[in-house]
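There are 2 protein chains.
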Amino acid sequence: MNRHLICMLLTGSLCAPLQAERLKNEPIQPIEPTHIDEPAKVELGKKLFFDPRLSRSGFISCNSCHNLSMGGSDNLPSSIGHKWQEGPINSPTVLNSSMNVAQFWDGRAATLQEQAGGPISNPMEMASTHVLALDVLRSIPQYRQEFASIYGSDQIDIKQVTDAIAAFEETLVTPNSRFDQWLKGDDNVLTQAELDGYQTFKDIGCTACHNGPAAGGTSFQRMGIVEPYVTKNPAEGRVAVTGKDADRFSFKVPTLRNVELTYPYFHDGAHWKLEEAVDLMARLQLGRKLPKEDIDNMTAFLKTLTGDQPDFRIPQLPPSNNATPIPVPFATE
Amino acid sequence: MNRHLICMLLTGSLCAPLQAERLKNEPIQPIEPTHIDEPAKVELGKKLFFDPRLSRSGFISCNSCHNLSMGGSDNLPSSIGHKWQEGPINSPTVLNSSMNVAQFWDGRAATLQEQAGGPISNPMEMASTHVLALDVLRSIPQYRQEFASIYGSDQIDIKQVTDAIAAFEETLVTPNSRFDQWLKGDDNVLTQAELDGYQTFKDIGCTACHNGPAAGGTSFQRMGIVEPYVTKNPAEGRVAVTGKDADRFSFKVPTLRNVELTYPYFHDGAHWKLEEAVDLMARLQLGRKLPKEDIDNMTAFLKTLTGDQPDFRIPQLPPSNNATPIPVPFATE
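Here the protein sequences come in this chain order: A and B.
For the first sequence, our numbering gives the first residue as 1, with consecutive numbering after it.
For the second sequence, our numbering gives the first residue as 1, with consecutive numbering after it.
Isolated chain A, as found in the complex (with noise of 0.2 Å):
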């Protein structure tokens, strides 16, 4: 701090070796905003994201439950899906999902293009098949032609579709929160409430599992190691995908990224205070009760993990016509 005003007062600026250090040492990196290498797979991606026609009923698309209007997640225990079926967990935002060293709560896809296909022929959540999703896809003109130009067939198949909106899902990036400000050199961006609340989180030990740029979601962990975690929810994690016992229990680490904007918390979505859950985290993981203060200064620092949010204009999306198959809502089969 010393060395840091020396170098205000001399040069006026902020001191680009202080910035290095600080970079280097932290466990948790900045996020950098994305380049957009191919705009028009992005923009395809970006309108089959919103499209509910991938859903049986016409009426759910990936925004339903990943809302980019709500920090990428529809702030719900669980999803609902079609015909109102409570979802069996909480929906992970997608956004900064391309960190995460695989996804879903158990990693059981281990990409996003993996991920994408799986909500739309899943009978509790958009209750499609692939096969009826590319008949609508595939019987509207504005959609093959952009196929075609992107993927040099308009035969549409899913690899492409999925291929898409991962592309699409890969620019949900969130930059320039106040704390990745205070990482690049900012000294005057965090309060002091809100450094005091980092420098716990690290010194109890939180950054062994939230680290790296999305603070989270690099590994596999079992919730509820010092202390059980008592839930309804009978989900057991990993171990659904590996079949090993140690792994009962076993989730991916959340990114705390846009946690402010994320609630309510865990994979069963049943805390609603971002208090609550750095309490119980530290309790269940770490072992350690926190007074008050410290609860309120983490929950302070992790509100600074707000980045800037997808900024973009809403998609059109081309119409349906005479060829395209009907959704049904309401059918009763």
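Bear in mind the hints are in silico, worked out from the structure with no lab data behind them.
Note: identical chains are not told apart, hence a pair may lie in one copy or across any two.
Calculated cross-link-like contacts (lysine-lysine; reagent style DSBU-like; alpha-carbon spacing at most 35 Å):
1) K159 / K244
2) K273 / K159
3) K273 / K83
4) K273 / K184
5) K292 / K303
6) K83 / K159
On the provided structure of chain A, position chain B as indicated by the hints.
Just chain B now, with coordinates in the frame of chain A:
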């Protein structure tokens, strides 16, 4: 045409007198772009329009059934409401709805502002109450601030909420359709089939009801004048408002603007093909059985009424906090 050609050859540009003549004589008038007088109010209204927290489930927003990526409609026969209830009637497009003589198919709301309060508290739609919706908004400091700066008070009331939503909806006009370009004097923008279709549209009397800038929306008419309209939908239309037997099966004439995007058609949403809708209207309302060529040409003409769609950035909704009432999508009461 000859006069116009001479005019073009002489001046190298379109002839103002001819344009004025066309504008004066045609039963459909162009839609003009809106001028936004109160941008802050429109921005607030946009947020409210997209905010699912105005519903009891936290899942349904105005945009769910008046989807601005899909012609301001949901492209379903009738809408999906709270807990997947099947709505009683087709959701009319919100596009150009400020030009309607009244709102809803039966005109039971005189203004957009009056309309906007309805779905929020309708148990079959968003299923909230005005009290609960206001509690949600009042709990959110960013909303309170916006309301205060626009309405001079942060004691948000339902009149302010619906006023802001209506202000946003008033911006949802769709100028610059190919038909409007033709109306304004561009002779090269319509095909012969489209022009022929428009001529038939006028000749057989469609313009008696579908006139003005919105090509409809200005009157109530009996559905099935010459022949009865066969439907399973029990709605009886305007009689519900006036109590007059003469208004039984009388509905607001829908706008034909963007009709290419607002399928399926009629108050029961029973017809997905525009050709079918044209054929039915000609027979039921005007007693004319049209040959296929006329139907095809009129359909081609109707597709020239697709205008520039609302083009705006997706809103970012201010987050809930510990004081915000929690949505209850799966409550059993």
